[in-house]
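Asker: So the protein lines, in turn, are chains C and Z. For what it's worth, my numbering labels the leading residue of the first sequence as 1, then goes sequentially. For what it's worth, my numbering labels the leading residue of the second sequence as 1001, then goes sequentially.
Please note that the accuracy of each hint is not assured.
As the list claims (entries may be wrong) - Computed cross-link-like contacts, EDC-like style, restricted to lysine to aspartate or glutamate with a CA-CA straight-line distance of at most 20 Å: (1) K17(C) with D1205(Z); (2) K1257(Z) with E1066(Z); (3) K14(C) with E1066(Z); (4) K43(C) with E1249(Z); (5) K14(C) with D1225(Z); (6) K43(C) with D1232(Z); (7) K43(C) with E1262(Z); (8) K1272(Z) with D49(C); (9) K14(C) with D1116(Z); (10) K35(C) with D1116(Z); (11) K35(C) with E1262(Z); (12) K35(C) with E1418(Z); (13) K1478(Z) with D1205(Z); (14) K35(C) with D1232(Z); (15) K17(C) with E1418(Z); (16) K17(C) with E1228(Z); (17) K14(C) with D1205(Z); (18) K5(C) with D1205(Z); (19) K1246(Z) with E38(C); (20) K35(C) with D1268(Z); (21) K17(C) with E1262(Z); (22) K35(C) with E1066(Z); (23) K64(C) with E1490(Z); (24) K1229(Z) with E21(C); (25) K17(C) with D1233(Z); (26) K17(C) with D1268(Z); (27) K64(C) with E1262(Z); (28) K1257(Z) with E38(C).
Claimed, not checked - Covered, in the sense of this in silico footprint (three residues per stretch, anywhere, with C-beta under 8 Å from a C-beta of chain Z), are these stretches of chain C: (29) 24 to 32; (30) 37 to 45.
These aren't lab readings, by the way, just hints derived from the structure by calculation. All C-beta atoms in this analysis are idealised placements derived from N, C-alpha and C, irrespective of residue type, glycine included.
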Amino acid sequence: MATLKETTVGSTVKVRKINGEGALKRHIMDMGITKGVEVYVRKVAPLGDPIEVTVRGYELSLRKEYAEMIEVE
Amino acid sequence: MSFTIALAGNPNCGKTTLFNALTGSSQRVGNWPGVTIDKKVGRIKGTDSELVDLPGIYSLSPYSPEEVVSRNFIIQDKPDAIINIVDATNLERNMFLTLQLIDMGVPMVVALNMMDEVKKNGDKIDVDCLSSSLGVPIVPISAKSRDNVDALVEQIEAAARDGKVPRVMTYDQSIEDAEKAAEEALRGKVPDNSIRFYAFKLLEDDTLLEEMAPGARESISSEIDALEKEYDDSADSIIADSRYSKITECVTGSYTKAPRDERGTLSDRIDKIVTHRILGLPIFACIIAFVYFIAMYDGDWGTSPGAWATGWLNDYIGDVIIPGVADWCAENGVNEVLTGLLCDGILTGVGAVIGFLPQMIILFTCLVILEEIGYMARVAFIMDRIFRHFNLSGKSFIPLLVGTGCGVPGVMACRTIESEADRRITAMTVTFMPCGAKLPVIAAITAALAGAWWVGVFAYFGGIVLVIISGIILKKFKHLAGKPAPFIMELPPYHAPGLWTCLKSIFDRSWAFVKKAGTIILLTAVLIWLLSHFTWSGQFIDPESDMGESILAWIGGGLAYIFAPLGWGLGPDAWKLSSATLTGLIAKEDLIGTLAIVLLGDPDMAEDEVGAALASILTQSGILSFFTFNMFCAPCFAAIGAIHRELGSWKHTGIAVLYQCILAYFVAMIVYVIYGAAIGDPLDWSSYFLCMVFVIILVYLLIAKDPFRQLGKNGEVAE
């Protein structure tokens, strides 16, 4: 299953599902990462983590451990 | 009529700017009950209405203290209306909060901010269309240039007067059915006007509802199961998805986007360089070095403006104000004791902290500009990888750096850290860094250890190590550290800082710093002065000759038993070291002043002479242990006051200070034994024993499993 973590920088993917539960999942959805939304992986931080994505027209950064919870296609 | 209006919106949407524009100078800053989040209240200009600034939030979930505070205010304090400020350049995510606010059933007006940016981009928003599809009045504004703010005031007053609540957004039929069932289960248990909000929260399995309406979710489990089966997803996902789908519908119908420059916006282009894979870190280092060199540096390459201004003010206070006051007192026949208390106690004590003010203003200016531009968020982005290992935020770097100048603004700088746990842990550890007032101590100890070059390095390196150790240890005590928040952070677009917002922010922080010095330091300076100038029998003494008779010496003599195992001795000189340590609570540099008095009988002796005198009563390893304890134990009272402000309770502040003292004691003991053994100083067997015990305790605390680790990862509340 492809997740946002493995998505290469510079590509756009569509969110399929968000795994996990509770506050973390809720927070990811609150920030606009929901089923069907397009996410553009913009860059990786100088030290390799976190990543920066564009979603719903704004910039969001999240750690790879959370990106792993987001299934994409 | 006078109304209570709440101002709600996402972080980075110009909320503070709008609040300042609406209320002007009538602001009061307080605290939200139970949390250390600023609560700002002000009167809206030209009306009798009061505006309450809610914390910046993305949603009304129950997971962050900001969200809980906001929703409690709306539900319990029942504002007459809500202004929901929305960033027009980032409509979709901002409106997610709007849809939840609508369900609260409170009259509302949406302030569509940053319209100037929208125009600049060539985009168009059909405000009427958006307003009718959303069911809420919308006023397009620009808070920065104060465009149309008057119209907003008119609209919100009208909304509060009429009491007309927004039309609710309707979702798919199956969702509405489940919502109706949830409403029935909740009726009577939650406020009627906000029942739709609660119904959705019940479907989302909101943790706070378990307390308010126990068993309600179980009673509608069949409806929830049916809904989840139909959509093949969990209820909270279904609701978030449908909210965002509605938003997309509304926005698509009313937002016309102009074609963008292929190279991206200016902000994109700046960001490409500033957070570049390879250039990112060097640029960060340059910016930090720049801040350091204009605010704090004082050395071989010259003196920074900050250090110069602070040196000047210190000299002015010491050479002009204090002698001036002393002369005036002498001329007017003021009692000698009173003169001493005023000049040597109060003015010297408060002056030592106020002297830092010019440096602080320059430092705050740099930090506020970096924040306003949007660079601070990138600092967290760049540094997160390093700091997360110590359970700190990437943003913790800034307070720690500021702490090398002065601990008070260092602790204050923690406010910008979003995660509560990171903020609290950083606030508790900033003062391990050697601040400006510790530099004279470093100089004296260097002299006492025969010019050992490594004393300064030891202080800085040791400070960093203790911050790291503490990050790992304190995280395991949740009631002290608070809730960890996951690192999922908006990186707001870069923009030019607004002059007034910056000035106000710089002024507020500087004023908080002055207040700290003017209150806490004043009290402690008076207390320590009294203790050192009076005997138990109430006789006034001159400490330069008879300090040994003072109450302070008596207390010091008692404390000497605690410090004896650290190699500070138990002889006739023992009280001098512990009393000096006590005076360090006013300002760490007072340590040297006190030692100069008690060891040499002259407060104005140079640091190297104090160091030499210290070497005459202590072994080399004893000197290092004395130094270690004083570097890392409780900071000065001003810094303790700042820590209290961040932790929010005296109990937690007390625990934090106790933790610092115990850790300093442990480390001083370990350093004492290792250094003593290395250079062949005579050591007592009990020192070896205690050292072993302390090492074992520290190692245990470091490797013990974090009982909340799993919960921490999910960001759940854990008590």
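Asker: Given the hint that K14(C) pairs with E1066(Z), test it: the Cα-Cα distance must not exceed 20 Å.
Answerer: violated (31 Å)
Asker: Keeping to a limit of 20 Å between CA atoms, is the pair of K43(C) and E1249(Z) held or broken?
Answerer: Cα-Cα ~29 Å, so violated.
Asker: Next pair to validate is K1257(Z) with E38(C); report whether the Cα-Cα distance is within 20 Å.
Answerer: holds (17 Å)
Asker: Given the hinted pair K17(C) and D1233(Z), is their alpha-carbon gap at most 20 Å?
Answerer: holds (9 Å)
Asker: Would the pair K35(C) and D1268(Z) pass a check requiring their Cα atoms to be no farther apart than 20 Å?
Answerer: violated (26 Å)
Asker: Would you mind confirming whether the straight-line C-alpha gap from K17(C) to E1418(Z) stays at or under 20 Å?
Answerer: Status violated; Cα separation ~27 Å.
Asker: Take a quick look at whether K1272(Z) and D49(C) sit within 20 Å of each other, Cα to Cα.
Answerer: Holds, because 16 Å separates the two Cα atoms, which is no more than 20 Å.
Asker: For the pair supplied as a hint, K64(C) and E1490(Z), is the alpha-carbon distance within the 20 Å limit?
Answerer: holds (15 Å)
Asker: CA of K17(C) to CA of E1228(Z), is that 20 Å or under?
Answerer: holds (14 Å)
Asker: Would the pair K35(C) and E1418(Z) pass a check requiring their Cα atoms to be no farther apart than 20 Å?
Answerer: violated (26 Å)
Asker: Going straight from one Cα to the other, do K14(C) and D1205(Z) come out at no more than 20 Å?
Answerer: violated (26 Å)
Asker: Mind checking the alpha carbons of K35(C) and D1116(Z) for me, to see if they're no more than 20 Å apart?
Answerer: With a Cα-Cα distance of about 32 Å, the restraint between K35(C) and D1116(Z) is violated, given a limit of 20 Å.
The structure is inconsistent with the numbered hints 2, 3, 4, 5, 6, 9, 10, 11, 12, 13, 15, 17, 18, 20, 21, 22, 26, 27, although it conforms to all the rest.
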